[in-house]
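J.: Protein chains in written order, with this note's numbering: chain S, 1 to 100; chain C, 101 to 550.
In short, the hints are calculated from the structure, not lab data.
It is possible that part of the hints are untrue.
One side of the interface only, derived from the structure: several residues of chain C facing chain S at Cβ under 8 Å [as the list claims (entries may be wrong)]:
| hint | residue |
| --- | --- |
| 1 | N213 |
| 2 | E217 |
| 3 | G234 |
| 4 | N385 |
| 5 | L462 |
| 6 | A478 |
| 7 | G485 |
| 8 | V498 |
| 9 | S543 |
Calculated pairs, SDA-like style, for lysine to any residue (alpha carbon to alpha carbon, straight line, at most 25 Å) [what the hints assert, rightly or not]:
| hint | chain 1 | residue 1 | chain 2 | residue 2 |
| --- | --- | --- | --- | --- |
| 10 | S | K60 | C | A455 |
| 11 | S | K60 | C | L448 |
| 12 | C | K218 | S | Y80 |
| 13 | S | K60 | C | A257 |
| 14 | S | K60 | C | S236 |
| 15 | S | K60 | C | G422 |
| 16 | C | K218 | S | N15 |
| 17 | S | K60 | C | T469 |
| 18 | C | K218 | S | R34 |
| 19 | S | K60 | C | D449 |
| 20 | S | K60 | C | G465 |
| 21 | S | K60 | C | G248 |
| 22 | C | K437 | C | G422 |
| 23 | S | K60 | C | T283 |
| 24 | C | K218 | S | D41 |
| 25 | C | K218 | S | D19 |
| 26 | C | K218 | S | M1 |
| 27 | S | K60 | C | Q244 |
| 28 | S | K60 | C | N240 |
Where is the CB? At the ideal position from N, CA and C, for every residue including glycine.
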Amino acid sequence: MRVTESSTNRATLANIQLDASRLADLQEQMSSGRQITKPSDNPTGTVTALQLRSQLSQAKQFQANSNDALGWLTTVDSAYGSISSQLEQVRTLVVQGMNT
Amino acid sequence: MSGSFSGLTDALSALNSARYGLDVTGQNISNANTPGYVRQRAELAETGPASGVPSMYATPNSGNTATVSGTSRLNDPVVDMRARSEHGRNGYLQTSSTTLSAVEGLYDEPSSNGLAEKLNTFWQSWAAVANNPGDSAARNVVLQNAAGLAGDLNETALSLSRLTQGTGQQLTDTTDQINTAATQLAQLNNAIAVNAASGSNNNSLLDQRDTLLMNLSDLAGAQASIQANGTATVTLGGQSLVSSTTASTVSIGAGNVVLVGGTPAATAGGKLQSLVDSLNTTLPNYSAQLDAVAAALASTTNSAQAGGYDLAGNPGGPLFSGTTAATISVAVTDPTKLAASGTPGGNLDGSVALAMSGYGNLAGGADRTYQTMIGQLATDVARAGQQATVQQSVTTSVDNLAQSSAGVSLDEETTNLLTYQRAYQASSRVLTTVDETLDTLISHTGRVGL
């Protein structure tokens, strides 16, 4: 094949363009800290990521719910504790009253 | 035996040929970087004996000097034709890939700002209501998240419709460009035909013709055939676009149909076809899918609300009104009107709110519909991008092939320059020699004894 200055030029420019686009992709990944910066980077990975994010958010909510429940249980527990100590006090007072 | 003076005319003809060679070489060098320029070569030929001269006067050995027989345009028509068809395909795929990437750009996924995350937050806020059905703060958060979600869907739908408008504008621009190129080509055909008939050199017109044909391939995937006199006949989707000196007008009919001279054209290629396909198929498809997400969100939420009771004990009303992405909005303004309870009577039951907090995983729900859409979009964009990359490299290689015969090599031209220069010098030498010979004959012979 006959090679001319302009064909060499074009081939070089096309390759530089390819390299530049790869470089831009890598820099985007580095600067964003994410391997998938747009859905087309990895179609199956994107769908998996979306599902995982949804599950993660649910898990976080479950955690918040259980913390809420723990809080309620503590409140209930202290209320029962207080009832039981007051009952004991009532019993003590009743026994004292009967003894006098 | 040639005549005494024929040497002079022979040398002159050789001088002229060498000078013409220098001219063509100079033209090649000065156009080395001109887009669309095809290198030319001065064709030299031997002159035969003059015709019509009676044999008694004819001098069989005389007159075999060089003369210019023409200027060749060194392109490869077969490769050019292949390059045009690859360019048509390339124009189609590049534009499709650009349009799909633009659609993809509307969805910031996967990230913590995308619609998916907004949906997650919305369902989560229902769990807070379930934990504390009487708390108006938790109910307010649900309303705010619902409004945010509806606003995001509206915004995306608006962007999609703007993208559709922009694509329509691009289609109009492309049609204009095609029409301009077709008109220019028809005028050029006229000039080429006139030049060809008069036998003038029309190489630069042919360069312009090829540039226009390549342009038409990129824009519309037009098919070109070159006639014997150098004029080009162009068809677009089976309809004649340029024939001899007449150009038909390309327009876009109802339903985005490409009309050539008023007749619907078959699928061709190029940027034009890609824009038509985007407007007819790709963009409506993604718009419908986004509407499906909005419809799923509205229907699942509203039916759950209808089965529950608000804080006052009344049956719940719809939370979202509108079923398309462009029209969806929040219908409830009073947080106590959100139905969280599964039993009537104005109690603090949170069973409906609890059920709704799990709707993120509902089959056929908004989240699943959205994930399917993003998955399809991602696959489409990736596939279009790959096809465009492959086609680009095919196109580049065919272009390089065309360049390998049509491109100017400066090394070659420099060598030719030297060759012609030396030929010129040598011819001058011949002229001088003949002159000196004649001088000897005329001035220095027959003078013996003078």
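J.: Against the structure, test the hints numbered earlier, and report the numbers of the ones violated in rising order.
T.: Structure breaks hints 1, 3, 4, 5, 8, 9, 12, 13, 15, 16, 23, 25, 26.
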